[in-house]
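Chains A and B supply the protein sequences, listed in that same order. Under the working numbering, think of the first position of the first sequence as 24, with each following residue one higher. Under the working numbering, think of the first position of the second sequence as 24, with each following residue one higher.
Among the clues, some could well be false.
Copies of the same chain look alike in the list, so a pair counts if it fits in one copy or across any two.
As a list, the in silico DMTMM-like pairs of lysine to aspartate or glutamate whose alpha-carbon atoms are at most 20 Å apart [what the hints assert, rightly or not]:
(1) Lys448 - Asp112
(2) Lys262 - Asp125
(3) Lys131 - Asp391
(4) Lys442 - Asp391
(5) Lys131 - Glu417
(6) Lys294 - Asp213
What the hints contain is simulated information worked out from the structure, not anything from laboratory work. What you are looking at is a predicted structure, and each value in this text was computed from that prediction instead of being measured.
There are 2 protein chains.
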Amino acid sequence: MDIKAIARNARKASIRLAGIQSEAKNHALAGIADILIQKKDVILKANRTDIKRAEQENLAAPLLKRLLFTEEKIEEACKGLESLIQLDDPVGATLSALELDDRLDLYKVSCPIGVVGVVFESRPDALVQISSLCLKSGNAVLLKGGSEAGTTNHVLADLIAEASGKAGIPKGWLGLLETRADVRDILGLDDDIDLLIPRGSNAFVRHIMDNTRIPVLGHADGICHLYVDRKADISMALKIAIDSKCQYVAVCNALETMLVHQDIAEDLLPKLRAAFEARNVEIRGCDRTRRIVEVKPASEKDWKTEYLDLIVSIKVVADMEEAMDHINHYGSGHTDVIVTGDRGRAVRFMDYVDAANVFMNCSTRFADGFRFGLGAEVGISTNKIHARGPVGLEGLMIYKWRMMGNGHVVADYAGRNAKPFTHRKLQKGFERE
Amino acid sequence: MDIKAIARNARKASIRLAGIQSEAKNHALAGIADILIQKKDVILKANRTDIKRAEQENLAAPLLKRLLFTEEKIEEACKGLESLIQLDDPVGATLSALELDDRLDLYKVSCPIGVVGVVFESRPDALVQISSLCLKSGNAVLLKGGSEAGTTNHVLADLIAEASGKAGIPKGWLGLLETRADVRDILGLDDDIDLLIPRGSNAFVRHIMDNTRIPVLGHADGICHLYVDRKADISMALKIAIDSKCQYVAVCNALETMLVHQDIAEDLLPKLRAAFEARNVEIRGCDRTRRIVEVKPASEKDWKTEYLDLIVSIKVVADMEEAMDHINHYGSGHTDVIVTGDRGRAVRFMDYVDAANVFMNCSTRFADGFRFGLGAEVGISTNKIHARGPVGLEGLMIYKWRMMGNGHVVADYAGRNAKPFTHRKLQKGFERE
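Excised from the complex, chain A in its bound form (with noise of 0.2 Å):
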């Protein structure tokens, strides 16, 4: 089947889905555990597969270990299935009611996007994960994985797919693009597909952000800052630092710019030195930073830079508008941190940097749909719409205007004797029967 047909198979699969009830979901996301744990056998001999052809070809060891998939990688996917039926359905929320006349109310109740595109990196426990995801908030996903991780993909999109359609979830809502051609492809898909979310490196975010009417969910850069104040407790600005910068390096949520105030840098550069060169980080100092240690310069392009590695730029301001500036001017939006003793401080700082996680006095690292108590996460949005930060089930959702009336005409609301509206807000929510 082509990748248009497949495309659009989601799209009539989502209609239906999207009104298929909470126990016919769970069942199917239950139904999926089972298959897993009863085919383990069929999957670790696909992964098996893939992992020998991967090391033929000599992937990288880190690309390797994410590209396995184990026994107990197949045990927490279930977990994490287990987790998701426990979760409220999201579809069917009523987030506004209105009388607007008697006997015409207005609802506003939440509903599944539709169709959602993921494009994913070669991590097979992905594709259970995003599929549950879309399943559980009823929509139907199109999804694309690392062709490394082809063999394993086929096996697990296969059995989700037998899987769902014995609870009974329309088939097709769940579609595994497999060519190489289709990233390209999937991009020209604005009729059938509602929103793109693409997990990978920079270059491909951007890639696809510049090459799609599809509203995109995602990340480019994440070029995050840690702000330490004058009012900064030393010790706790260099906990925070370190597990900033090193705790996961080659992650979005990790610390790529310090900004230290005058007035305590002084004090704070020499240890911060010395603890950063204690874990093999390199340095990098604007002037200033440089006349009170000894650490290479930073030029421009390195306030721009996510490394992803262990190298950190250090600027010392001369109070925190500067430091604020300097976010919003080189920041990408992810995740900005202040380390300052006073509460007020931080309450200004996180009006002012537009960032989509502001946090006082803890890691950037923190800045995570596990952590942050969202379930899984399907990504982490820097877009200024829809969703911010750490997206789980709720970035899925939209919703529709139900209006139930009794042959209510706007004739009668408009002109000399206009009758007027209530809009009286109603307790109850939108009633089924």
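Given chain A, put chain B in place with the hints provided.
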């Protein structure tokens, strides 16, 4: 000042405007109302200049009427400002509050999107309405009005900037783009504009959507349907059909296509034809329609056409499934209505019809921000993300994740001896003090 500089200033102003307290914004809105009354002679004079030029250029009568700004319209605009002052500040609302661990609290707090670009028709009252909605919601705004209203818009923008500046609103928050080339230029300003709202013709909105990376909120087509179910009250169906089609024919929420259940077609269609013909509405029918009443034939093209005129297309359908399939295939996701005496069937229609507004037993014409009780509207959206249907203040908002810690680092929550998260819902909102 060139357009890039105006946009850059708006970006800078938006950062400060995001932190401006409610009182200052309401004070500014009151100041704008005052200055519009004080300077009404200047405004009316500017408008006479525009009207005179438009008359010389033989602008069509309906356009002239929209362009006209009278003392009455100034008073209406001031009433709109008064009611906006009464509304709660949409900025700073706590959308969720969660304890992650002892002294580590996460808040999802509403904030402005940033800089909104609005391209609007030649209606000077639209300038007042849009800029005041943006001010209340803490957004900077770049306005591009129709050139016919250039003189009036210039005077209005100056007065609004003057009054808001006196109330302490950061300069540059309102930018008026005045040259012809500006619409094209605005599309490339994706660094400094977060959301574009084009109001105007379908072709114009589509052109904008196709030529910018900036997210666009709006609707291209408004192909609205009325499905008359076999369980419908015939006289109610007639009343709603006439109101939906004729109450205001040139707007996006007017009816374009009727779908009639075969079981009631023989009863309904002759009455429908009489009612429409009495109002000079041309009917184009499918083959089955034409077997019952003598009307012009509808072609495939008719089902895809937004007439915005005294024309309606009618199709007889075998059942509700066929009606819903037709709507999901040909509709534009704007407003679709079912007339039926059976609430369960209406709910099913609402579940499966993929549109922003799905109504039972009332006119399509109710799809409107004022009627929906949203106060003023910035537009109607057929997007599938962010905001859908009539969009008021809420559509101009997004959120930040604000986290308050006390030296918390992720390393403590990872690995073998990982601390668990409490993920306990907090009852309190985010506190500024």
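Going down the list of hints, with the structure as the test:
no., hint, verdict
1, Lys448 - Asp112, "between (24 Å within a copy, 18 Å between copies)"
2, Lys262 - Asp125, "between (61 Å within a copy, 18 Å between copies)"
3, Lys131 - Asp391, "between (29 Å within a copy, 14 Å between copies)"
4, Lys442 - Asp391, "between (51 Å within a copy, 16 Å between copies)"
5, Lys131 - Glu417, "both (15 Å within a copy, 13 Å between copies)"
6, Lys294 - Asp213, "neither (53 Å within a copy, 41 Å between copies)"
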